[in-house]
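Q: Residue-level listing of the chains:
2 protein chains.
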Amino acid sequence: MKKVNKILEIIKVLNQTIGALHFHNKSNVYLHEPDIRKEDWKFVKECLSRNFVSSVGNYVTEFEDMLKKFTKAKYVIATVNGTSAIHLALVVMGANENDEVILPSLNFVAAANAVRYCNAIPHFVEVEEETLGIDPVKLEEYLKKIVIKKNNISFNKYTKKRIRFMMPLHMFGHPAKILELKKIAKNYNLKIIEDAAESLGSTYKNKHLGTFGDIGVLSFNGNKIITTGGGGALLTNSLKIAKKLKYLSTTAKKPHRWKYEYSDIGYNYRMPGINASLGCAQMKRIKSYVNIKRKLFKKYKDGFKNIKDITMFQEPKYAKSNYWLQTIILDNKISHLKEKILEKANNMGFSMRPIWKPLHKLEKFKLCPKMEMKTTENLEKRILNLPSSVYLLKNIKNYAK
Amino acid sequence: MKKVNKILEIIKVLNQTIGALHFHNKSNVYLHEPDIRKEDWKFVKECLSRNFVSSVGNYVTEFEDMLKKFTKAKYVIATVNGTSAIHLALVVMGANENDEVILPSLNFVAAANAVRYCNAIPHFVEVEEETLGIDPVKLEEYLKKIVIKKNNISFNKYTKKRIRFMMPLHMFGHPAKILELKKIAKNYNLKIIEDAAESLGSTYKNKHLGTFGDIGVLSFNGNKIITTGGGGALLTNSLKIAKKLKYLSTTAKKPHRWKYEYSDIGYNYRMPGINASLGCAQMKRIKSYVNIKRKLFKKYKDGFKNIKDITMFQEPKYAKSNYWLQTIILDNKISHLKEKILEKANNMGFSMRPIWKPLHKLEKFKLCPKMEMKTTENLEKRILNLPSSVYLLKNIKNYAK
Chain A
798 MKKVNKILEI IKVLNQTIGA LHFHNKSNVY LHEPDIRKED WKFVKECLSR NFVSSVGNYV
858 TEFEDMLKKF TKAKYVIATV NGTSAIHLAL VVMGANENDE VILPSLNFVA AANAVRYCNA
918 IPHFVEVEEE TLGIDPVKLE EYLKKIVIKK NNISFNKYTK KRIRFMMPLH MFGHPAKILE
978 LKKIAKNYNL KIIEDAAESL GSTYKNKHLG TFGDIGVLSF NGNKIITTGG GGALLTNSLK
1038 IAKKLKYLST TAKKPHRWKY EYSDIGYNYR MPGINASLGC AQMKRIKSYV NIKRKLFKKY
1098 KDGFKNIKDI TMFQEPKYAK SNYWLQTIIL DNKISHLKEK ILEKANNMGF SMRPIWKPLH
1158 KLEKFKLCPK MEMKTTENLE KRILNLPSSV YLLKNIKNYA K
Chain B
798 MKKVNKILEI IKVLNQTIGA LHFHNKSNVY LHEPDIRKED WKFVKECLSR NFVSSVGNYV
858 TEFEDMLKKF TKAKYVIATV NGTSAIHLAL VVMGANENDE VILPSLNFVA AANAVRYCNA
918 IPHFVEVEEE TLGIDPVKLE EYLKKIVIKK NNISFNKYTK KRIRFMMPLH MFGHPAKILE
978 LKKIAKNYNL KIIEDAAESL GSTYKNKHLG TFGDIGVLSF NGNKIITTGG GGALLTNSLK
1038 IAKKLKYLST TAKKPHRWKY EYSDIGYNYR MPGINASLGC AQMKRIKSYV NIKRKLFKKY
1098 KDGFKNIKDI TMFQEPKYAK SNYWLQTIIL DNKISHLKEK ILEKANNMGF SMRPIWKPLH
1158 KLEKFKLCPK MEMKTTENLE KRILNLPSSV YLLKNIKNYA K
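Respectively, the protein sequence lines represent chains A and B. Sequential numbering of the first sequence, starting at 798, is according to the working numbering. Sequential numbering of the second sequence, starting at 798, is according to the working numbering.
Isolated chain A (complex conformation) (with noise of 0.2 Å):
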């Protein structure tokens, strides 16, 4: 009975909190929908007026200088998602089968993924649950323990592999504690891979997320913060590493007027122009997509205040999310419930979601090295998102400001 109510009260928030702004016109609010304007259609439809669709034209260069003011890196490269963006920083930095490479292993698929197509191999580390980032405290504990130093290169002395990368995750737009996990990365002489992909729009101690490592990695999925269809990018502020991040995102050709030739492998990882037109037309409301996002949280907030044994996650002072996901915590207590509220909770129409599974649970990557994983294996049975999309707000007073 009582897990009945509990479930039935968080159906009930959601109900109030964003029920009556979309179920007048459809059935099922999803977790996260493309806000797609008129005015997008604009850019759109000059970008094909012009027949800049492809590599030739303007809008990649338009969209990167966008992102460029927006988060103050000094050089952005467009590519065609997040995952492709990840894997050509790792090819970039020298990423190979000599390589160790840390991540947090409550962490999205694409991630680990890339590292393997480097032949790399994943180093999982545990996460806290203040920050839903790396923990940088167990991570240093950790790595005294693992790590023999040659020549300033940290090797992993049981698997006698180096690692040589570190790449955070700001889990759903919200900031890890990128400046302890900076200092580490010296310490270990690690170069930071930073997976900001859903977080464009935060920022920690006013610095935006992604800026903060040698390379930084944003995406713009159809389920982001804005969208370009499928795209991504990296940021960073070396001129030595951009130069040669947009070289290998082509085929590498030498520039020549007629010529073909080539030196390195190239990747073909450029976002087209069709993409990045759209693009720059959502990239005109970010300002006013993170304020939207913000005050969803405050509302969800403000429904769940009531509600015994779950709290909304929220950043932490010296941080500013963008809220890309709205996020509850359940109380151990009740994280045996978690099923029954994503199945009620689909079942009503309201698109909820768990965590992902950890990586280091996965088949394929069983046998990589990891920390233990006590916060990640609690945490999974306790994380669940709620609808975030920026529609669930459009009749709030102050949108698009």
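Accuracy of the hints is not assured; some may be wrong.
Said to hold, decoys possible - List of simulated lysine to any residue pairs, SDA-like, C-alpha gap at most 25 Å:
#1 A:K1158 - B:A1049
#2 A:K1081 - B:K842
#3 A:K1154 - B:I1062
#4 A:K1161 - B:K1041
#5 A:K835 - A:D862
#6 A:K1137 - B:P1052
#7 B:K866 - B:I1083
#8 A:K1137 - B:K1050
#9 A:K1163 - B:A1049
#10 A:K842 - B:N1020
#11 A:K1043 - B:R913
#12 A:K1158 - B:L1045
#13 A:K1051 - B:G1146
#14 A:K1095 - A:E927
#15 A:K865 - A:K1081
Stated by the list, open to error - Derived Cβ-Cβ restraints for the label pairs, each shown as a range:
#16 B:I950 - A:N895: 25 to 33 Å
#17 A:K1105 - B:K1040: 42 to 50 Å
#18 B:D1061 - A:E806: 38 to 46 Å
#19 A:S1035 - B:Y1115: 50 to 58 Å
#20 A:K1105 - B:D862: 48 to 56 Å
#21 B:S846 - A:K866: 25 to 33 Å
#22 A:N1103 - B:K1050: 32 to 40 Å
#23 B:N1034 - A:K1056: 36 to 44 Å
#24 B:D862 - A:V853: 27 to 35 Å
#25 B:Y1057 - A:N895: 25 to 33 Å
Stated by the list, open to error - What the simulated footprint calls covered on chain B by chain A, stretch by stretch (three residues with Cβ under 8 Å from a Cβ of chain A suffice, anywhere in the stretch; the number is not a length):
#26 836-847
#27 1156-1168
Since the hints were derived computationally from the structure, they do not count as laboratory data. Note that beta-carbon positions come from the ideal geometry of N, C-alpha and C, so glycine has one too.
Keeping the supplied structure of chain A fixed, place chain B upon it in accordance with the hints.
A: This is chain B only, laid out in the frame that chain A set:
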């Protein structure tokens, strides 16, 4: 003096054939421009207005269905580009560091790059002047000399690697001798990945290119006969292969309403909806495009018929080419004029281009196994492509029929 005359003769033909059709509007006539029309905008607009820009919605399936119907391939999987399609084909066929892949050296660099993504070894072979594709006679002689078979697997007796794949290219849309090549592949137990990236609309004995191999590959880059901005497709008649291609073209998530579980390493290579919507629009005109290009060929042929030492490349009787890129072949005695011709034509605003540098001559592939390259190296000096855009014949009667 004679040299100057030859170059001027070529420019005169270009001017007479296509000059009048465009120079009142623009100062440059590019090699191959997209042809995007007002009716294309309707498709893209509807895609935008329905929020189907990414993986949600039916545009990708619709585009695949149109390709199925047109090529008569049983299964089609749309990807982010042609390079990703070749890569995925090799992954699904299990190519790895123990394998050599037979492919022509006269080739676009992406084909050999994709082989390297899998850590497999490109093994370069010779082409013939008649088709610009792999020379089946020379290939068979060569394989006889270098292959040793064990348990029906072909091994390169010099490198000790397996030879498991053949990746024939249909150059500029012109059909290679695919049936002869298929016979050789069968004898040596090679899987065929058929590179039809440039060949949408081309047939060999009335069967569409890309449907002869185990897997075929198409490209819809901005310079191709139809474009999706950036895009590619995989063709196959095997349900088993099709399922695997489709699964790995995503993130390889097991189907469930809310659970996130992943089996294999997925590649996130699916074409986004916005690109597919443009593809649907373009596919409506594929037949007329092929007609236009065949007419453009006739016009060029007519123009060049009295120019000594220059031959318009022409399809063999048993095949029908889409004439994607119009091609002239210089006689040996004037091949020394190639650079001068390119310079003059490009300076005059006609984007002519030479064929690619053969891949075996690139630094990065220098150590790869290869056969004697007499014809390849000779053709490198003699092949030139002419401006081939559809719009060049826009004013010709019967256009778009």
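Q: Now tell me if each hint is right for this structure.
A: Outcome of the hint check:
Using a Cα cut-off of 25 Å, the hinted pair K1158 (chain A) and A1049 (chain B) holds, with the two alpha carbons roughly 16 Å apart. As the CA atoms of K1081 (chain A) and K842 (chain B) are separated by approximately 19 Å, the hinted pair is consistent with the 25 Å bound. With a C-alpha separation of about 15 Å, the suggested pair K1154 (chain A) and I1062 (chain B) falls inside the 25 Å cut-off, and the hint holds. Straight-line distance between C-alpha atoms of K1161 (chain A) and K1041 (chain B) comes to about 16 Å, which keeps the hinted pair within the 25 Å bound.
Restraint check for K835 (chain A) and D862 (chain A): the C-alpha separation of about 23 Å stays at or below 25 Å, so the hint holds. This hinted pair checks out: K1137 (chain A) and P1052 (chain B) have alpha carbons roughly 19 Å apart, not beyond 25 Å. The straight-line distance between the Cα atoms of K866 (chain B) and I1083 (chain B) is roughly 12 Å, inside the 25 Å bound, and the hint therefore holds. Between K1137 (chain A) and K1050 (chain B) the CA atoms are separated by roughly 22 Å; this keeps the pair inside 25 Å, and the hint holds.
For the proposed pair K1163 (chain A) and A1049 (chain B), the alpha carbon gap of about 17 Å is at most 25 Å, so the pair holds. A distance of roughly 19 Å separates the Cα atoms of K842 (chain A) and N1020 (chain B); the hinted pair therefore holds under the 25 Å criterion. As the CA atoms of K1043 (chain A) and R913 (chain B) are separated by approximately 19 Å, the hinted pair is consistent with the 25 Å bound. A hinted pair counts as satisfied when its Cα atoms are at most 25 Å apart, and K1158 (chain A) with L1045 (chain B) qualifies at roughly 20 Å.
Restraint check: the Cα-Cα separation between K1051 (chain A) and G1146 (chain B) comes to about 21 Å, which is no more than 25 Å; the hinted pair holds. Restraint check for K1095 (chain A) and E927 (chain A): the C-alpha separation of about 18 Å stays at or below 25 Å, so the hint holds. Of the supplied pair hints, the one linking K865 (chain A) and K1081 (chain A) holds, its CA atoms being roughly 13 Å apart against a limit of 25 Å. Between I950 (chain B) and N895 (chain A) the CB atoms are about 30 Å apart, so this pair conforms to the stated range of 25 to 33 Å.
Between K1105 (chain A) and K1040 (chain B) the beta carbons are some 47 Å apart, a value that agrees with the proposed interval 42 to 50 Å. The beta-carbon spacing between D1061 (chain B) and E806 (chain A), approximately 40 Å, falls within the hinted interval of 38 to 46 Å. For the pair S1035 (chain A) and Y1115 (chain B), the beta carbons lie near 55 Å from each other, so the given range of 50 to 58 Å is met. Between K1105 (chain A) and D862 (chain B) the beta carbon distance is about 52 Å. The supplied range of 48 to 56 Å therefore holds.
The hinted range of 25 to 33 Å is satisfied by S846 (chain B) and K866 (chain A), whose Cβ atoms lie roughly 29 Å apart. The hinted window of 32 to 40 Å between N1103 (chain A) and K1050 (chain B) holds, with their beta carbons roughly 36 Å apart. For N1034 (chain B) paired with K1056 (chain A), a C-beta distance near 39 Å keeps the hint of 36 to 44 Å intact. At roughly 29 Å, the beta-carbon separation of D862 (chain B) and V853 (chain A) lies within the given 27 to 35 Å, and the hint holds.
A hinted range of 25 to 33 Å for the beta carbons of Y1057 (chain B) and N895 (chain A) is consistent with their spacing of about 30 Å. Check result for the segment 836-847 of chain B against chain A: holds, 6 residues qualifying (beta carbon to beta carbon below 8 Å, three or more required). Beta-carbon proximity to chain A at under 8 Å applies to 3 residues in the segment 1156-1168 of chain B; the threshold of 3 is reached and the given coverage holds.
No hint from the list above goes unmet by this structure.
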